[in-house]
Amino acid sequence: MVAWTRQIYIRRRKSNHLFRERKWKEARGVGFIIEKATAKCVLRYNPINERIMTVRLQGHPMNISIIQVYAPTADAPEKEITDFYEMVQGVVDSIPKKDFLIIFGDWNAKIGITREKSEFIGNYGLGIRNERGDRLEEFCVANSFIIGNS
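If you're matching positions, the sequence shown starts at 1 in this note's numbering and goes up one per residue.
If you're looking for bench data, these hints aren't it; they were derived computationally from the structure. Do not rely on the hints blindly, as some may be mistaken.
What the hints assert, rightly or not - Here are the simulated DMTMM-like cross-link-like pairs (lysine to aspartate or glutamate), alpha carbons at most 20 Å apart as the crow flies:
| # | residue 1 | residue 2 |
| --- | --- | --- |
| 1 | LYS79 | GLU138 |
| 2 | LYS79 | GLU50 |
| 3 | LYS40 | GLU78 |
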């Protein structure tokens with residue numbers, strides 16, 4: 001293991017790299033494990049805070065930006081949730097428009113079965129949606145994102 005000032009870089013079985021902010025050793029840190037060949041395509045990574053991190057990969061015909069998130073839980077104060085979504089929105093807005101954008105992680109939201117027809121969420125959700133699920137749908141609609149897995 002080699003530690004740098006801003007991140008930890010780990011090779012495991014000579015095939016994977018881990019990008020994670022070193023100072024966030026709490027339970028809620030985010031990071032990326034990237035296969036060795038793909039790691040050569042990393043243009044930039046940015047640990048925003050303990051809940052949000054980005055990596056940008058060189059791709060063809062376009063670069064790929066990935067945002068990894070870990071949202072506050074359902075019992076978190078509303079301000080914490082609002083601050084989180086505002087921060088994620090700021091990160092989304094900073095991504096070059098030509099990039100292919102993927103956002104994934106733990107949104108701590110239950111999408112459930114859609115209440116009405118939605119072009120952003122499929123018809124086959126499970127369970128009952130919670131308020132955090134409503135908030136996630138609003139975020140997706142505002143950004144023209146689709147939810148591909150829940």
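Among all the numbered hints in the text so far, which are the ones the structure does not match?
When the structure is compared with the hints, only number 3 turns out to be violated.
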